[in-house]
Amino acid sequence: MEFLGFRRSDGGVGTRNYVGVLSTVVCANEVTDRIARSVRGTAAFMHQQGCCQTPLDVTRVGEVLVGLGKNPNLAGVLLVSLGCESVVVEDVAAAIRSSGKRVESVTIQEAGGAANSVARGQLLAQELVAEASAMAPVPCPLSDLTLGLKCGSSDTTQGLFANPALGIASDLVVEAGGTSVLGEVTEFIGAEHILARHAREESVAARIVELVRRMEERAMAVGCDMRGGQPTGGNIKGGLTTIEEKSLGAIAKAGRAPIQAVYEYGQRPTATGLVVMDSPGREPEILTGLAAAGCTLIAFSTGRGAPQGFPFVPVVKITGNKATWETLRDHMDVYVGTIMDGTESLPAAGTRLFGDLVAFASGKLTKAEISGYTNSMDIYVVGPVI
Amino acid sequence: MDAIMLTGSDTVATALRDLAGGEVAAVGVLDETRRVAIREPIPFGHKFAVIPVRTGDLVLKYGEVIGRATRDIPLGAHAHVHNIESLRGRGDLATTGA
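Chains A and B, in that order, are what the protein sequence lines are.
All letters in the first sequence, in the order written, are residues 2 to 387 by the numbering used here.
All letters in the second sequence, in the order written, are residues 261 to 358 by the numbering used here.
Careful: at least some of the hints might be erroneous.
Said to hold, decoys possible - One-sided and incomplete, this derived list gives chain B residues near chain A with beta-carbon spacing under 7 Å: (1) Gly305; (2) His306; (3) Glu324; (4) Ile326; (5) Gly327; (6) His340; (7) Val341; (8) Ile344; (9) Ser346; (10) Arg350; (11) Asp352; (12) Ala354.
Just so you know, the hints here were simulated from the structure itself, not pulled from any lab data.
Just so it is clear, the structure is predicted and the values come from calculations on it, not from any experiment.
Glycine residues also receive a C-beta, built at the ideal position from the N, C-alpha and C atoms.
This is chain B alone, in the form it adopts within the complex (with noise of 0.2 Å):
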């Protein structure tokens, strides 16, 4: 197993070993196994899209909304804070009235 997600509803998977950009990648949820094209190198412990995600939809892990996509990441791409924003503890927008 390459890579792991931890619900079937999660959209993106955690990487077990370092990815390269190109291979396909072993994601195991639950008891069944689901293949997935990495896109562009993703770091252990990184994780990557596991469908398309689109600019605004909430992105799941664990079954829940661990934030908010700021861009499109494509499936296998790698799925972080250059695309991913905190819905939380967002001292930034609360004083812009945003």
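Okay, chain A solo, but in the shape it has when bound (with noise of 0.2 Å):
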């Protein structure tokens, strides 16, 4: 099977066909947002980092935005930054640049301000637009794509019918020489050692066990119990009574293949098939981390009705919940709830998904694409805003 992707230079393949425009900072995000806005064909991205934070934190979001500028679903890139940041602009494009994509700047206090430099920014972006809009998709084999995995807004439907759906779509992507991305470490907590028997060799396991114990120690170290926030409490309605129960049914939706290695948050994968990327549950940051490891199509279960896309990629809802189906039409793009009521058995609903995926993966727009619900990103730091 084949999906129709964008290639470029550096051998990525695309989905989809934007120009970026990347806030590099917090304050750099209203010029932003008015640049995308006014030029179509463009995508936004912004978040609430960039300064005043620890030297570790802010290499983490030059690195996320170096990432995200690589994603193979973005033909060109604005960057925009305020100037006097943390985070050093020229780097970052000279890095995106390595990738052999064009890349721009505005910087607001070069410009002259905000009006000034979302005239210059809109210029650059309508250039930028030109160029990518000479680039057309051809047939490419399923081992160009990238799939993330997330699932959110988690009832009890997901860890038996929604997520082992999609376990059997991923496991057919890895077989077709794909490479799904696993994150979400927050709920491994209490089904590592499942996912540890499915890493390829020992290192790989062990290094699964250690991002799950930095994982709970981090939220452990607050001296409560994690309950209410991880389950949340929309979970706990939902029937999830521990974060053991919500692990166990979301580590389903990576199938059964082996795990082949280990990444950092945001890191792009070296190795094909199934691997896994530290990073909290929570959608703002899982959504960009998986981004910028490149993934160029997000796959996202959800029981309760998670609305949230990603500006560039992708993010197919997927549900088991009939409720949910019937009611968030707007948010939802894959129903197999089939498998509930007994009309389709686990295998075909999986089997279909994957079919799905693959339109997805060629154009057909995700709900949250055509909504624009995509814009409440943000890059996961690890240290306290200083």
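Take the two lone chains, each set in its own frame, and fit them into one complex as the hints suggest.
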């Protein structure tokens, strides 16, 4: 099976062909938003980071911005900076340029304020879009696809239906030579022994267990029972009782493929097949992490109905909850509650979902793309604002 | 089928529709169906005990530990946050040395 993708000069293949307008710091979000809103064919990425953070986090933010800029769904990149922030825009630009893309930048303090920056940015973005529009999608093997896996606003239907179906679809992507990225380390807690058994080798298993230990210690350092935060109040209303139960259901979305390698947040996998990436479970941070890691399509299962997409990566919403499917039609893309009512077997639903994912990869629009519910993003940092 | 168990060793089942107290639920476990008398309303997606669970027992779903009973959970009773605690991410216990 093939999908229609956009081949980039560094070998990456995109499922979309946007010009990314990336804010390098929270202070540049307003200008970023105004430029992207006024130039068709662009996608804005805004966040709350980029300054007054520990050097570790400043480095993290820079690396994530580079990862986002290199994402194959972007044909070109416009960086918008304030000028005095910790993240060095020239370094980010140079690193993205190494992938062969055209990168432009606008700096608010140099351009003479927001109005001048918006005007300059619009003109640059228009040029970039004109260039991008000349690129046409071509049939590509599924080995060129990098799929991100995510579940959210969970209830017990996910562990039973949507995640096992997604696991089958993910296994089919991996069998075809593609890559699947599993994040949400918080939702490994209580299930890490199962993931460790799926690891390709002992060192990978040890890394998985270590990521979970690091995440659990972070949560425990505040001195509370994490229940209420994980699982969330909504998860509990949906019937999930403990993080262990949530995790055991969550990991089903990774299927049965062996785990090849473990990566840090936002790091681009060099291995193909199923891989693990460190990240929390919250949408703004994990969707950004998956996009920075080069995911060109994200499969997102939800029980109670999570609306978020991502600015330039299609996020496919999959639910096994009939009420959610019927009431949240402007957010849900694929229904697998057919498994529960017995009209479709789990393998059949998983295979159908795989076909749907290929269609979305080939340009079919997700509900989040159509409605533009894609803007509330952030970058996962580990230290304080200082 | 009114509810589902993922493995035969599970001590809780998940309701596939809202269940009322007093009804007998058909609980699917692999190819077999068990009957459990429901003691109290169980909302869709919530769990109930399929054997009597005692205080301190580990609670099993997917054949794996999902927590520990903080109270006795009679057969057919709602099994949730009021009678099951997590064993993980318990910063509250770590700081008191418990």
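Hints, one by one, checked against the model:
{"no.": "1", "hint": "Gly305", "verdict": "holds, 4 Å"}
{"no.": "2", "hint": "His306", "verdict": "holds, 4 Å"}
{"no.": "3", "hint": "Glu324", "verdict": "holds, 5 Å"}
{"no.": "4", "hint": "Ile326", "verdict": "holds, 4 Å"}
{"no.": "5", "hint": "Gly327", "verdict": "holds, 4 Å"}
{"no.": "6", "hint": "His340", "verdict": "holds, 5 Å"}
{"no.": "7", "hint": "Val341", "verdict": "holds, 6 Å"}
{"no.": "8", "hint": "Ile344", "verdict": "holds, 5 Å"}
{"no.": "9", "hint": "Ser346", "verdict": "holds, 4 Å"}
{"no.": "10", "hint": "Arg350", "verdict": "holds, 5 Å"}
{"no.": "11", "hint": "Asp352", "verdict": "holds, 4 Å"}
{"no.": "12", "hint": "Ala354", "verdict": "holds, 5 Å"}
Comparing the model with each earlier hint shows no violations; every hint is respected.
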